[in-house]
Amino acid sequence: MVRNLFHVDWPHYLPDIATGIRWTIEFTLVSFVLAVIWGLVLALARGGRVPPVRWLAYGYTELFKNIPIITEIFIIYYGLGQVGITLGTFSAGVISLVLFYGAYLAEIFRGALQSIPETQKEASAALGFSSLQIIRHVVLPQAVRVALPGTTTMLVDLLKSTSLLITIAAAELMNQAQTISSETFRPMEVYIVVGAIYFAMCFPLSRLALLVEHKLSAGVALSPMRRRTLRLIRSRSVAAHPVHWQ
Amino acid sequence: MTGLGAADHAGAVTIRQLRKSFGSTEVLRGIDLTVDAGSIVCLMGKSGGGKSTLLRCLNLLEQPTGGSIAIGDRTIFDGATRLSHRDVVALRQQVGMIFQSFNLFPHVTAAENVILAQTVARRVERDAALERALNLLATVGLSHRAAAYPRQMSGGEQQRTAIARALAVGPSILLCDEPTSALDPESTRDVLNVLRALAQQGMTMLVATHELSFAREVADRIIFIDGGQIIESGKPEQVIDHPERQRTREFFEHVQS
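Sequence lines, in order, name chains A and B.
In terms of the numbering used here, the first sequence has 180 at position 180, counting the first letter as 1, and numbering is strictly consecutive.
In terms of the numbering used here, the second sequence has 221 at position 221, counting the first letter as 1, and numbering is strictly consecutive.
Just so you know, the hints here were simulated from the structure itself, not pulled from any lab data.
Treat the numbers as computed from the prediction; the structure is a model and nothing was measured.
One or more hints might be untrue.
To be verified - What follows is a list of derived Cβ distance ranges for each label pair:
| # | chain 1 | residue 1 | chain 2 | residue 2 | range |
| --- | --- | --- | --- | --- | --- |
| 1 | A | Pro141 | B | Ser84 | 24 to 30 Å |
| 2 | A | Ala218 | B | Asp127 | 24 to 30 Å |
| 3 | A | Pro149 | B | Gln152 | 40 to 46 Å |
| 4 | A | Arg227 | B | Asp73 | 41 to 47 Å |
To be verified - A few chain A positions that, by computed beta-carbon distances, are all more than 12 Å from chain B:
| # | residue |
| --- | --- |
| 5 | Ala45 |
| 6 | Arg49 |
| 7 | Val53 |
| 8 | Ile95 |
| 9 | Glu122 |
| 10 | Leu127 |
| 11 | Phe129 |
| 12 | Pro141 |
| 13 | Gln142 |
| 14 | Ala143 |
| 15 | Thr153 |
| 16 | Lys160 |
| 17 | Gly195 |
| 18 | Ala200 |
| 19 | Ala218 |
| 20 | Arg234 |
For glycine and all other residues, C-beta sits at the position ideal for the given N, C-alpha and C.
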């Protein structure tokens with residue numbers, strides 16, 4: 001059984017696998033960055049002051065959260081093609097992922113923004129912070145910490161969802177696997193190996209996200225400037241009650 | 001800075017016929033009050049009487065619905081005046097506020113709370129802000145807690161940090177909205193000691209409080225607010241010990257017992 005795995009001429013297919021990994025990563029990165037921006041726009045629109053904009057954003061998120069992503073991909077690639085809007089596989093893939101994950105990220109961001117108590121905004125306003133300064137220095141730094149776990153879950157989920165783009169022949173990893181499998185008649189080995197590659201991409205990503213999360217909640221400075229400030233504060237602070245640092 | 005410089009706001013507060021409604025509920029019903037520069041006024045009275053709302057009108061956290069307010073010689077609110085966003089920001093740098101629930105920024109340390117107030121509101125350079133933050137924390141007795149996060153501090157420590165943070169912006173008037181109502185007696189004492197020291201340094205202060213002994217000792221004047229109106233006002237011993245109105249008498253009998 002194990003020896004059978006070697007019946008696939010892996011060195012021969014290495015370039016195809018590499019291409020698949022490259023496309024999977026490209027789909028993931030481009031879609032994720034755009035989905036985060038789109039999600040933020042939607043979240044702000046839902047929390048905004050203009051009722052019609054709020055309703056539109058609400059309708060959008062509900063719609064896209066409740067349609068399978070595969071259906072979306074088909075509508076955007078095949079459906080739009082039928083009515084004369086022909087998209088390349090990359091654009092169609094990215095658009096589908098952005099529309100879908102934007103809706104989910106919007107929910108995460110909205111929750112995070114709402115979790116910041118009104119009293120925080122009041123306290124900063126009372127110090128003479130402008131509205132923009134309140135968002136930048138008080139709301140966002142706290143909201144990011146709240147949104148981080150959900151957002152990284154979505155990143156890993158998005159990476160896995162790129163495999164659905166096999167249906168529009170997007171040349172990503174799953175698509176390559178299918179080709180190799182049909183050439184070698186060895187689906188078991190091929191898909192196990194590809195599964196392992198997905199795992200090797202996703203698992204470190206989840207761990208990394210968890211690490212950042214822990215560092216943030218432990219108060220570890222991520223920027224060199226803050227690290228320097230904290231060091232100065234600690235060295236100047238009389239250690240009558242030592243504070244625990246990780 | 002805009003036209004609202006420090007000198008304009010230094011000192012006095014003049015409130016005339018101030019009104020504030022939330023929907024159909026009128027919370028302030030014609031408040032008249034003059035506070036001299038450097039004096040301490042304690043606002044007393046039942047919860048829900050309008051003390052908080054009055055304080056929150058003074059830095060425009062609430063927009064009044066009628067009357068007028070002047071800080072120093074600048075009118076910050078009347079029927080005709082609506083400050084620009086920039087002027088409101090400048091006003092709030094002159095009129096500091098501390099809250100019952102402290103409201104420190106939970107994601108940064110005590111010292112960084114005080115630094116942030118300066119670097120953001122006053123655009124003070126970071127190292128200078130750090131220096132001043134540590135000095136301010138020392139004056140409120142928290143040198144040893146500079147590197148602590150709010151969640152690691154007691155309520156009293158948080159409130160004293162909040163006072164340091166408010167002072168960092170350099171206000172000439174400090175509004176205190178029940179600063180010790182959420183604290184145990186020991187923390188209350190620490191916080192009141194800090195406020196007492198501030199009073200001696202000539203800060204104009206309006207303090208909503210239920211602390212009789214503090215009011216008696218520190219206040220130049222006590223105003224008793226009930227139902228959105230000042231129903232009694234005067235020297236502490238006069239208002240607390242010899243109140244003229246029945247409702248004031250009942251309140252203080254209740255508080256003292």
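Violated hints, by number in ascending order, as checked against the structure = 3, 9, 10, 11, 12, 13, 14, 19, 20
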